[in-house]
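K.L.:
Below are the chains, spelled out letter by letter.
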Amino acid sequence: MKSVGLFVTCLVDLHRPNVGFAAIALLEQAGCSVSVPDSQVCCGQPAYNSGDDVSTKRIAQQVIDAFESFDYVVAPSGSCAAMIKEHYPPLFADDPVWLARAQALASRCHELFSFLVDVLQVKDFSAEFGADVTYHDACSGLRELGVKEQPRTLMSNVQGLMLKEMDDTDVCCGFGGTFCVKYPDISERMVDDKAALVRQSGAEVMLGGDMGCLLNISGRLSRVASDVRVYHLAEVLAGMAAIPAIGEAANTEEQP
Amino acid sequence: MKVQSLNFKARSTEALLDDDLKAALSNVKQGFIGKRAEAVRLVPEWEQIRAEARDLKNHVLDNLDHYLVAYEAAVQARGGQVHWASTSAEANDVIVDICKQAGAKTVTKGKSMVGEEANLNGALEAAGLEAMETDLGEYIIQLAKEAPSHIIAPAIHKTRQQVSDLFHEHHAQYGLHERLVDRSALVNEARTILREKFRCADVGITGANFLIAETGQHVLVTNEGNGDLTSSLPRVQIVIVGIEKVIPTLEDASCLLRLLARSATGQHFSNYTSLMSGPAQPGDLDGPEAFHVVLVDNHRTEMLAGELREMLRCFRCGACLNHCPVYGAVGGHAYGWVYPGPMGSVVTPAMVGIENAPDLPHACTLNGRCAEVCPMSIPLPRLLREHRRATFERSLQSASARYGLGLWAWLAARPRLYHWATRWGVAVLSRLGARRGRFSRLPLAGAWTQSRDLPSPQGRTTFMQEYRQRQSDANAQGGQGS
Ligand code: SF4
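If you read the sequences in order, they're chains A and B.
The opening position of the first sequence corresponds to residue 38 in this note's numbering, with each subsequent residue numbered one higher.
The opening position of the second sequence corresponds to residue 124 in this note's numbering, with each subsequent residue numbered one higher.
A hint or two may mislead.
As the list claims (entries may be wrong) - Lysine-lysine pairs mimicking DSSO-like chemistry, simulated, CA-CA at most 30 Å apart:
1) K125/B / K201/A
2) K219/A / K125/B
3) K320/B / K268/B
4) K152/B / K201/A
5) K219/A / K145/B
6) K268/B / K132/B
7) K185/A / K158/B
8) K268/B / K228/B
9) K39/A / K160/A
10) K219/A / K152/B
To be verified - The following residues of chain B were derived to be distant from chain A, with all beta-carbon distances above 12 Å:
11) Q171
12) A197
13) R201
14) A249
15) A308
16) D325
17) S553
18) M587
19) Q600
Simulated from the structure, these hints should not be mistaken for laboratory data.
Here the structure is a predicted model, which is why all the values come from computation and not from measurement.
Cβ coordinates follow ideal geometry from the N, Cα and C atoms, glycine included.
Given only the sequences and the hints, what does the whole structure look like? Please build it.
P.N.:
Here is the structure:
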């Protein structure tokens, strides 16, 4: 049995534990044994993208330590997986020992959907979801890891799910990690454009594979009073999308 | 052009409120992106040409001194003169000098981004010369006294109404008194005025898209043909160009030309692609009496020696601007100098100093669409990160951003403390947000909630907490069973 270390990602840990449990369910269903190391926190992108290499390296070493004993490390996020896979090794260009360890981990690191489809070759989880959905391609997964067809393959095997592609599905939603709070006005225009495209698609539900984008877009959709609901695709595939959507009230009874 | 990149934030906020600009920028999206995609689709070997072009430019950059000296010798052999300018100011001095020596009064100019870098028009005017831009877009922004807002479509931010107003104001001196509204009337008006200027100019100044080391020729690509009239009619011809534009042979130019127009405008080829070489030779029917090339460094050799070297492959097609969602939101002027968008956010700090443009490399989500379309395969997000490193090392970011990051990084290196802190955070947030499932306002999160709600955490526990709980429950049950 393949051992997988689940890199939960900080946003799933904080905001949407359901995505982590859904990922575990999918990986187990696909025949893996899944562990969740305690010492994980974050992949280091906030530091890395702010130009703070020293902190990034410290965090990267922590991740490498925690995950290198597994056959694979898998993250329900293209952005965090790309960080480990593409950006960790160059950080250690001057340090042969850590470079080798970073490269070894990078070669075994995968985004969840591409791991299921490309590595495990499992494409059908017998899920049901009766809704018209549209899918947002998150930028890092798309451009750094080539995650594009895999989620669509998985969605095509979900009973009842109708995919209604929005225009410009590959254009950034304006999240960008710290970008969205450093340049809130620009981010607003970008996420507003994105929310408009989501609504124009005619879908009732928007799915994606990265919590950052999902929080951003769902936050804008609810701000403009749209009733499009937002989930991570893993929740749908694992049959765990019966809970309120991201940003939706847990208790639907309106208080007086 | 005065550098105003320090005001990026304020300028971008202002730009976002400008409805005319919004309409103009939607033309960039609709016009350029689709046409480029279609033009590229029709070239099955696109990726192969792209790889060839990248290798070719890398080879040139590795041997830049050799090719520049070869180019100089070839120009001299054809009777032209080559001038080396290490700064923009030097380039301006050389050009003003040539004009004065030629006894020139009027100068026509083809579009040149290196000329914009140097604010050449300002230098010519200060020296008492009348300088006139002949590219329609450049002409419009010259009348408006503005910087270009796009590297291939400098007046893309202007609406037709605004152009009409400009002509009404400035062409009264040429006898225009009615108001022109439709596009062709405006183009005709500009053409009529420019024809006369072309005919009378003493000196013509253009840029160049490529310099051919083998032959001493240069390639000039335009859609309006104005570069050709600027080059061939005046007595004296001057080319102002960055040192990175040299390539070995004409054949190499054909490789790059296959990429250039397709990436820029989605045309297979621009309307005019001209090869020029030196002054008129004995027996030639026309052509300039004197020919000068001004090779400008302006921080390019610093880039060559440093981490930004790959940026010197850029041939200024503009595709990265057209595909950048930030440029698409704020337009070119927000960037505060002559180069906007992704390439500008790399080049501007390199040329004007990172301390004068610290926001530019950060005002980007690193979504990578620019690098995906860049025909020269320039890793723009990686180069922006190089600048970010410099801003971090020199503490050029706001204090709140630095302290916030520092606190977070400190916590992130202490997993037990981090998990403890997040448990508390989630418990509090979820209690506050449970009723609506989201926050429309929250202390310290104003930048987020000004434009979108903040979804509240799904439940009262973090994933890690819940996972451990489930595990210990399962273990307890397993223990009872045995
Ligand atoms: S960086 Fe690339 S896409 Fe942008 S202008 Fe230069 S060559 Fe064109």
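K.L.:
For each hint, tell me whether it holds in the structure or not.
P.N.:
Outcome of the hint check:
{"no.": "1", "hint": "K125/B / K201/A", "verdict": "48 Å, violated"}
{"no.": "2", "hint": "K219/A / K125/B", "verdict": "25 Å, holds"}
{"no.": "3", "hint": "K320/B / K268/B", "verdict": "19 Å, holds"}
{"no.": "4", "hint": "K152/B / K201/A", "verdict": "22 Å, holds"}
{"no.": "5", "hint": "K219/A / K145/B", "verdict": "22 Å, holds"}
{"no.": "6", "hint": "K268/B / K132/B", "verdict": "22 Å, holds"}
{"no.": "7", "hint": "K185/A / K158/B", "verdict": "23 Å, holds"}
{"no.": "8", "hint": "K268/B / K228/B", "verdict": "21 Å, holds"}
{"no.": "9", "hint": "K39/A / K160/A", "verdict": "17 Å, holds"}
{"no.": "10", "hint": "K219/A / K152/B", "verdict": "25 Å, holds"}
{"no.": "11", "hint": "Q171", "verdict": "19 Å, holds"}
{"no.": "12", "hint": "A197", "verdict": "40 Å, holds"}
{"no.": "13", "hint": "R201", "verdict": "46 Å, holds"}
{"no.": "14", "hint": "A249", "verdict": "36 Å, holds"}
{"no.": "15", "hint": "A308", "verdict": "34 Å, holds"}
{"no.": "16", "hint": "D325", "verdict": "46 Å, holds"}
{"no.": "17", "hint": "S553", "verdict": "9 Å, violated"}
{"no.": "18", "hint": "M587", "verdict": "6 Å, violated"}
{"no.": "19", "hint": "Q600", "verdict": "18 Å, holds"}
Hint compliance for this structure: hints 1, 17, 18 are not met, and every other hint is.
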